[in-house]
Amino acid sequence: MYDNYRVYVLRYWKEANKSLAKPLWHFVIEDIQTKERKGFASLNHFVTALKQEIETSPKEDD
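If you're matching positions, the sequence shown starts at 53 in my numbering and goes up one per residue.
Hints were generated in silico from the structure; no laboratory data involved.
Quick caveat: nothing in here was measured; it's all calculated off a predicted structure.
Treat the hints with care, since some could be wrong.
As a list, the in silico SDA-like pairs of lysine to any residue whose alpha-carbon atoms are at most 20 Å apart [said to hold, decoys possible]: (1) 87 <-> 66; (2) 66 <-> 96; (3) 90 <-> 72; (4) 103 <-> 63; (5) 90 <-> 100; (6) 90 <-> 76.
If you anchor each label on the Cβ, the simulated ranges turn out as follows [unchecked claim]: (7) 71 <-> 110: 20 to 28 Å; (8) 67 <-> 110: 15 to 23 Å; (9) 80 <-> 106: 14 to 22 Å; (10) 87 <-> 107: 35 to 43 Å; (11) 100 <-> 63: 36 to 44 Å; (12) 99 <-> 56: 20 to 28 Å; (13) 106 <-> 70: 31 to 39 Å; (14) 56 <-> 93: 24 to 32 Å; (15) 111 <-> 69: 40 to 48 Å.
We put the beta carbon where it would ideally sit given N, CA and C, even for glycine.
Taking the hints into account, I'd like the entire structure generated from these sequences.
The structure is reproduced here in structure tokens:
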């Protein structure tokens, strides 16, 4: 088991909008330990934020 890890609950839902050709997707992650929530208005924003967090997290010693 790793000492440095994160656990999130991911919630996502589709918002139908008749004026738009495509439905809008929304994403929220909640850190289980801190209860901090972060919301994202698109899958792209969610993935970008997750990648950034992974890239800036402390590295394990090999």
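Now for the hints, and whether the structure bears them out:
no. : hint                   : verdict
1   : 87 <-> 66              : violated, 23 Å
2   : 66 <-> 96              : holds, 15 Å
3   : 90 <-> 72              : violated, 25 Å
4   : 103 <-> 63             : holds, 18 Å
5   : 90 <-> 100             : holds, 13 Å
6   : 90 <-> 76              : holds, 17 Å
7   : 71 <-> 110: 20 to 28 Å : violated, 45 Å
8   : 67 <-> 110: 15 to 23 Å : violated, 36 Å
9   : 80 <-> 106: 14 to 22 Å : holds, 18 Å
10  : 87 <-> 107: 35 to 43 Å : violated, 24 Å
11  : 100 <-> 63: 36 to 44 Å : violated, 18 Å
12  : 99 <-> 56: 20 to 28 Å  : holds, 21 Å
13  : 106 <-> 70: 31 to 39 Å : holds, 37 Å
14  : 56 <-> 93: 24 to 32 Å  : holds, 29 Å
15  : 111 <-> 69: 40 to 48 Å : holds, 42 Å
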